[in-house]
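Asker: One letter stands for each residue in the lines below.
2 protein chains.
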Amino acid sequence: MNLNSIFNPKSIAIIGASTQVGSVGNDVVKNLVGEGYQGKIYPVNPKATELYGLKCYADILKIKNKVDLAIIVVPAAVVMTVMDQVVQKKVPGVIVISAGFKEAGNVELENQLIKICKKHSIALIGPNCLGVINPIIKMNASFATTMPPSGGISFLSQSGALCTAVIDYAHKLDLGFSKFISVGNKAVVDEAALLEYLAADPHTKVVAMYVEQLRDAGKFIAAAKKIIRGENPKPVIVIKSGRTQAGASASASHTGALAGNDVSYQTLFKQAGAIRVQTSGEMFDHLRVFTHSNLPTGNRVAILTNAGGPGVLTTDEVIANCLTLAQLEPETRKKLDDILPTCANKHNPIDILGDAPAQRYQAAMQILAGDKNVDSLIIILTPQTSTQIKETAQAIIALKKQTKKPIVVSFMGGDLVIEAVRALRRAKIPALAFPEQAARSLAALTKFSLNRSKVSRYFSFADVDKKKVEKIFAAAHARGQTFFPEYEALEILSAYKFPLPKYYIATSAAEADKVAKKIGTHLAFKIISPDIVHKTDVGGVMLNVEPAQAGKKYNEMIKRIKKQVPTARLVGVLLMEMVKAPGGTEFILGINKDSNLGSLLMVGLGGTYVEVFKDVSFGFAPISEQYALKMLKRLKAYKILTGTRGRNPLAVNSLIECLGRLSQLATDFPEIKELDINPLLVSEKGAMALDGRVVIEL
Amino acid sequence: MNLNSIFNPKSIAIIGASTQVGSVGNDVVKNLVGEGYQGKIYPVNPKATELYGLKCYADILKIKNKVDLAIIVVPAAVVMTVMDQVVQKKVPGVIVISAGFKEAGNVELENQLIKICKKHSIALIGPNCLGVINPIIKMNASFATTMPPSGGISFLSQSGALCTAVIDYAHKLDLGFSKFISVGNKAVVDEAALLEYLAADPHTKVVAMYVEQLRDAGKFIAAAKKIIRGENPKPVIVIKSGRTQAGASASASHTGALAGNDVSYQTLFKQAGAIRVQTSGEMFDHLRVFTHSNLPTGNRVAILTNAGGPGVLTTDEVIANCLTLAQLEPETRKKLDDILPTCANKHNPIDILGDAPAQRYQAAMQILAGDKNVDSLIIILTPQTSTQIKETAQAIIALKKQTKKPIVVSFMGGDLVIEAVRALRRAKIPALAFPEQAARSLAALTKFSLNRSKVSRYFSFADVDKKKVEKIFAAAHARGQTFFPEYEALEILSAYKFPLPKYYIATSAAEADKVAKKIGTHLAFKIISPDIVHKTDVGGVMLNVEPAQAGKKYNEMIKRIKKQVPTARLVGVLLMEMVKAPGGTEFILGINKDSNLGSLLMVGLGGTYVEVFKDVSFGFAPISEQYALKMLKRLKAYKILTGTRGRNPLAVNSLIECLGRLSQLATDFPEIKELDINPLLVSEKGAMALDGRVVIEL
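Chains P and A supply the protein sequences, listed in that same order.
Going by the numbering used here, the first residue of the first sequence is number 10, and it counts up by one from there.
Going by the numbering used here, the first residue of the second sequence is number 10, and it counts up by one from there.
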């Protein structure tokens with residue numbers, strides 16, 4: 010796919026160019042001509058001869074020269090006819106603005122579009138979109154009325170209407186854009202493909218995205234990592250709507266129930282290293298700070314203010330967002346002492362008092378910027394009687410030229426400060442309305458700068474028996490079986506070398522006695538029935554059964570359950586070695602397949618409190634060892650793993666290995682829809698899977 | 010105290026009025042004269058004869074007429090001299106702007122000020138403050154250069170410098186103020202007193218506060234409840250700095266360790282019914298929505314938009330903040346069908362499409378406002394090609410006059426929308442930059458409207474033996490004892506009729522045998538030593554000891570502990586009846602005294618996970634039964650109390666009663682610094698305190 014033909018075409022044909030003013034087919038031509046695009050423009054309209062001074066063509070084949078990009082605005086019904094000509098003309102890039110495809114129920118039509126693009130390696134944006142804007146080459150290939158200023162931001166949006174508001178904000182906030190992409194239905198070119206392209210685009214410094222849904226977590230994560238962790242790291246800021254939607258489907262598995270819709274996306278963005286914002290206001294704050302700042306080399310902030318209250322409020326936000334207040338060098342304090350009044354606060358946050366003139370601001374900020382313990386600055390101004398607002402802004406603008414450290418500013422107020430704020434914005438200094446916003450966005454920038462971990466390798470175990478699981482699933486497939494209860498799930502886990510206790514299945518009291526003798530230790534009894542999910546609730550679990558009592562207890566259990574759940578089909582009883590694991594804690598592992606995104610792995614605290622505390626964390630398969638550890642660290646129960654008061658640490662490595670085997674199983678078998686290992690007993694010495702269940706998709 | 014003399018004085022003397030332009034003593038006179046205050050103004054300055062056209066007086070006693078308010082701007086050292094004259098002149102209200110008191114280490118001087126005010130019932134604001142502004146009567150009794158517009162907000166600030174920024178924002182955002190109070194050191198008049206006054210002030214509709222610290226939680230809560238729950242409920246919006254400060258002191262008690270500094274304030278504001286915001290931006294959003302809206306009668310919101318993306322983002326924020334999307338009446342849908350294009354979304358959020366003219370907005374919003382399932386409206390506009398921005402604003406202004414339902418607006422964009430936004434603001438319609446802000450502030454308004462619970466009575470038990478605890482504490486006082494280990498703590502709990510198991514103290518193996526026989530059931534053994542806090546860690550706890558084994562086990566325990574902690578002083582062993590409570594869960598109760606605020610009660614899940622999950626909640630004593638239940642409902646473990654899968658509900662009422670007894674104990678004995686009841690075993694049948702410790706202040 011040649012995305013460059015879309016974003017940097019030398020020639021553009023508009024198929025469906027219209028002479029009717031106000032129509033989309035007219036707007037697109039007008040925008041291309043009016044904004045000053047320098048390439049060739051070929052309006053295609055069989056009924057017209059001329060449009061905005063350009064010759065019209067009856068169809069695209071009539072154009073003699075090469076066409077890099079075709080913009081299609083004809084009705085959906087004739088798009089495929091037009092596409093045939095596009096193929097004939099060998100046009101590498103296409104934007105389909107026309108609606109009436111999948112979003113309107115016409116899935117088949119969209120599939121045809123996908124097929125023809127794949128066959129001929131055509132890069133296609135849309136259908137059902139606003140178009141594309143590249144302010145760098147003054148190309149407004151959309152029907153948005155205005156073009157944003159040019160600059161370093163590439164914006165991808167799944168909402169066309171939001172684009173127009175963003176463009177208007179951009180002008181107000183002096184934000185410049187490199188690409189403006191309304192992705193539409195994403196039939197061919199999706200976010201992952203765009204991230205790949207933008208990673209290499211020299212004009213793009215920051216990527217912002219408005220997302221309603223994504224597909225294929227793995228692909229997105231890989232593309233995001235490439236752009237975020239490259240030589241020239243480019244942050245990806247995401248706003249995702251639909252975060253409060255209830256989980257798509259009720260699920261019988263713990264993992265399914267705990268992995269709601271937004272949890273998937275939250276995990277996806279974290280794993281990808283993308284910066285997720287909750288509101289559109291926060292997105293703009295971040296954009297202003299990210300586009301106009303170097304990356305800080307540490308998280309130590311100096312706050313400079315002429316008002317105590319806002320200084321403390323900003324300190325709160327700094328610390329709440331995992332930054333720290335810089336401990337100033339002794340020399341810095343001495344220098345501050347020299348220039349500041351006695352009662353000024355020379356400890357960070359530095360309060361240079363309400364009567365501070367611009368000169369005092371200037372001297373103080375210069376000293377702070379020179380302190381090697383200071384990684385970034387937040388400068389706050391409140392308009393008091395003797396405050397020199399404009400002059401202070403000028404001092405900040407001068408400082409910005411001398412230092413590479415990020416400077417974020419908040420001049421608090423309305424009419425008194427507006428002129429100075431405008432000057433700061435023109436000078437590419439992020440000036441936010443309130444200092445807490447400044448702290449929050451600076452924190453995001455710092456986190457991005459410091460947390461770009463290296464790409465690490467995914468788990469891979471050579472000792473797994475993939476063939477065995479393939480056989481089990483093939484057999485299940487043959488008989489239409491999708492659910493694997495414990496005794497069958499254990500076979501799958503055993504093939505992937507999960508640590509398991511000894512176990513056998515007894516179908517009679519006599520057999521129970523025989524098996525018990527063979528195992529030789531105390532036993533756990535668990536009923537086997539396709540109709541019983543929560544075995545404990547119906548008395549289907551007995552622990553610590555003495556081997557000599559096995560037959561007797563077998564009969565007791567069967568009798569009890571037949572009384573409690575008369576309709577349940579009983580296969581037998583699973584007899585399992587009682588595992589002695591003093592100090593052991595029950596964890597839960599799981600897989601939940603998101604049909605859009607992929608296989609989500611889960612780990613968390615199991616046992617009776619699993620549903621009370623929901624202390625679980627997630628990652629899309631495949632994961633690395635490094636990420637597995639991250640998942641554990643997100644748990645409150647991590648304290649239990651590392652040893653709480655009076656308790657020894659548990660075998661974290663065994664738990665990580667289990668997560669790794671789970672990752673490999675999920676990656677090898679994407680047909681696994683749900684999998685729970687519950688409990689996974691983790692003790693000081695190791696982990697052991699005591700129960701499991703698996704559901705596959707046919 | 011006569012606060013009215015401060016806020017509505019008929020005559021004001023400025024003691025320390027200065028002829029030096031730019032000085033505080035000059036600014037105050039200039040502000041009073043310049044802003045148009047209509048009462049009498051008496052500058053007091055022995056060296057001047059005239060200031061801004063007013064006659065100067067050598068001292069306040071030279072003024073013949075009555076003086077309602079004295080503003081003092083003389084140096085701290087002479088303030089007390091001036092105060093003597095103020096007393097002689099019988100001035101009921103004083104503002105001390107001068108600094109140099111407690112904040113500068115001059116505690117004694119401030120105490121003198123407090124004493125003289127108390128003695129003569131003088132209402133005093135400050136010292137160390139910016140002054141007071143009452144825009145309603147055009148009184149700028151401060152050295153702030155500008156006065157905010159008049160309106161319904163009363164603003165209390167512990168930061169003078171923040172005031173100037175707030176005034177400037179106020180002009181920009183069309184926010185009007187009724188009182189503007191820089192509280193300074195709060196030597197005499199504090200927030201609680203001001204809330205009492207503002208509750209009765211006819212001009213105050215909303216109170217906003219910037220707080221750095223408070224004292225006496227009980228007094229603040231009582232005053233806040235009065236203003237919030239009165240006939241004309243007035244919301245109190247609070248921004249508190251210092252929320253990320255580490256807890257003031259390391260503490261040996263669980264309750265102390267879990268009740269950090271900000272937890273106290275978080276609890277205080279919740280209990281008071283105040284609305285706490287995290288950032289100054291949020292405060293302004295709330296102020297705009299609260300001052301210009303009626304209270305909604307329900308939480309069902311209709312969202313009207315011309316762009317899908319922002320509609321979904323707003324829906325997210327609506328739901329995340331516990332509002333719901335209104336289910337429109339069938340008739341409403343029919344009416345919308347009549348006026349909207351086919352492909353518009355007539356389900357809430359209602360998307361009337363990008364080409365919506367003002368007329369379509371108007372028709373749709375009128376229909377929505379008329380739906381009885383709609384309690385409030387959020388109207389979103391993005392500036393698209395054919396959007397009629399100003400006309401749509403006019404339509405909203407017209408609607409506002411016809412409906413009592415709150416309308417919150419977001420016109421997204423910059424220059425294109427700014428004029429319309431100004432028109433909306435002038436018409437007192439809250440227009441916020443981003444729709445998520447609109448949703449958040451509307452949610453706060455709705456929560457305030459719906460959650461004003463009735464004042465309920467505090468717990469009071471007639472069966473407690475207060476005298477006995479008085480005696481215990483008096484005896485401890487006499488011998489300088491502050492710490493009460495378990496066996497002494499149990500005496501205190503028993504006096505307040507907490508449910509306790511049978512227990513005795515044995516100091517020898519023989520005695521252990523004797524006591525065990527008396528109790529007759531299995532026993533818990535717990536070592537008694539002033540040097541051992543965590544008994545389990547040193548083997549100082551044995552459970553399920555058979556009565557016949559008592560003497561033997563006694564010796565074993567003593568031997569073990571002497572080996573483990575050779576230096577510990579051993580008093581004996583506490584023998585306690587083993588409580589049989591199947592399905593019982595361990596909770597923890599506690600008291601932690603905050604020296605500023607008062608006695609904080611805590612309840613939470615106990616046992617091994619207490620420090621892992623920190624599942625605890627708080628309330629300042631005294632509490633009501635209603636509030637005790639609220640505290641429980643805030644726990645994740647509330648699910649355990651009400652019964653999780655396969656488990657019966659526990660005795661919630663017994664737990665609530667224990668909380669009540671704890672509240673009474675804390676109220677009766679404010680000298681209790683720390684108290685832990687851990688565990689409090691709660692079963693299906695009741696609660697039982699199994700261990701405790703108490704620390705008092707001498």
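It is worth saying that the hints were derived from the structure and are not from the lab.
These numbers were taken from a predicted model, which means no experiment stands behind them.
Using N, Cα and C, we set each Cβ at its ideal position, and we do this for glycine too.
Careful: at least some of the hints might be erroneous.
[Claimed, not checked] Derived list of chain P stretches under chain A, where covered just means 3 residues or more per stretch with a C-beta under 8 Å from a C-beta of chain A: (1) 37 to 47; (2) 124 to 138; (3) 240 to 247; (4) 389 to 401; (5) 416 to 426; (6) 641 to 649; (7) 669 to 680.
[Claimed, not checked] Cross-link-like lysine to aspartate or glutamate pairs, in silico, DMTMM-like; alpha carbons within 20 Å at most: (8) P/K648 x A/D546; (9) A/K64 x A/E44; (10) P/K234 x P/D199; (11) P/K623 x A/E44; (12) A/K648 x P/D546; (13) A/K527 x A/E555; (14) P/K181 x A/E428; (15) P/K410 x P/E400; (16) P/K642 x A/E620; (17) P/K355 x A/E555; (18) A/K645 x P/E620.
Asker: Evaluate each hint against the coordinates.
Answerer: Cross-check of the supplied hints:
1. Counting residues of the region 37 to 47 of chain P whose beta carbon lies closer than 8 Å to any beta carbon of chain A gives 0, which falls below the threshold of three, so the coverage claim is violated.
2. Check on the region 124 to 138 of chain P: 0 of its residues sit with their Cβ under 8 Å from a Cβ of chain A, so the three-residue criterion for coverage is violated.
3. Judged by the Cβ-Cβ criterion of 8 Å, the region 240 to 247 of chain P is not covered by chain A as claimed, because only 0 of its residues qualify and three are needed.
4. Interface restraint, the region 389 to 401 of chain P with chain A: holds (5 residues with C-beta to C-beta distance below 8 Å; minimum three).
5. A count of 6 residues in the region 416 to 426 of chain P with a Cβ less than 8 Å from any Cβ of chain A is obtained; the coverage claim is therefore met, three being the minimum.
6. Closer than 8 Å: that is the beta-carbon criterion, and the region 641 to 649 of chain P has 4 residues meeting it against chain A, so the requirement of 3 holds.
7. Evaluation of the coverage hint for the region 669 to 680 of chain P: breached, as 0 residues show C-beta separations to chain A shorter than 8 Å, against a requirement of three.
8. Between P/K648 and A/D546 the alpha-carbon distance is near 17 Å, which keeps this suggested pair within the 20 Å criterion.
9. With a CA separation close to 18 Å, the supplied pair A/K64 and A/E44 stays within the 20 Å bound.
10. For a cut-off of 20 Å, the pair hint linking P/K234 to P/D199 stands: about 16 Å separates their Cα positions.
11. For the hint pairing P/K623 with A/E44, the CA-to-CA distance comes to about 59 Å; that exceeds 20 Å, so the pair is violated.
12. Between A/K648 and P/D546 the alpha-carbon distance is near 17 Å, which keeps this suggested pair within the 20 Å criterion.
13. Distance check on the hinted pair: A/K527 and A/E555 sit about 13 Å apart at the alpha-carbon level, within 20 Å; holds.
14. Restraint check: the Cα-Cα separation between P/K181 and A/E428 comes to about 13 Å, which is no more than 20 Å; the hinted pair holds.
15. With a CA separation close to 16 Å, the supplied pair P/K410 and P/E400 stays within the 20 Å bound.
16. Between P/K642 and A/E620 the CA atoms are separated by roughly 16 Å; this keeps the pair inside 20 Å, and the hint holds.
17. Distance hint between P/K355 and A/E555 is unfulfilled; the C-alpha atoms sit about 66 Å from each other, more than 20 Å.
18. For the given pair, A/K645 sits about 10 Å from P/E620 by alpha-carbon distance, which is consistent with the 20 Å threshold.
Of the hints listed earlier, those the structure fails to meet are numbers 1, 2, 3, 7, 11, 17, in rising order.
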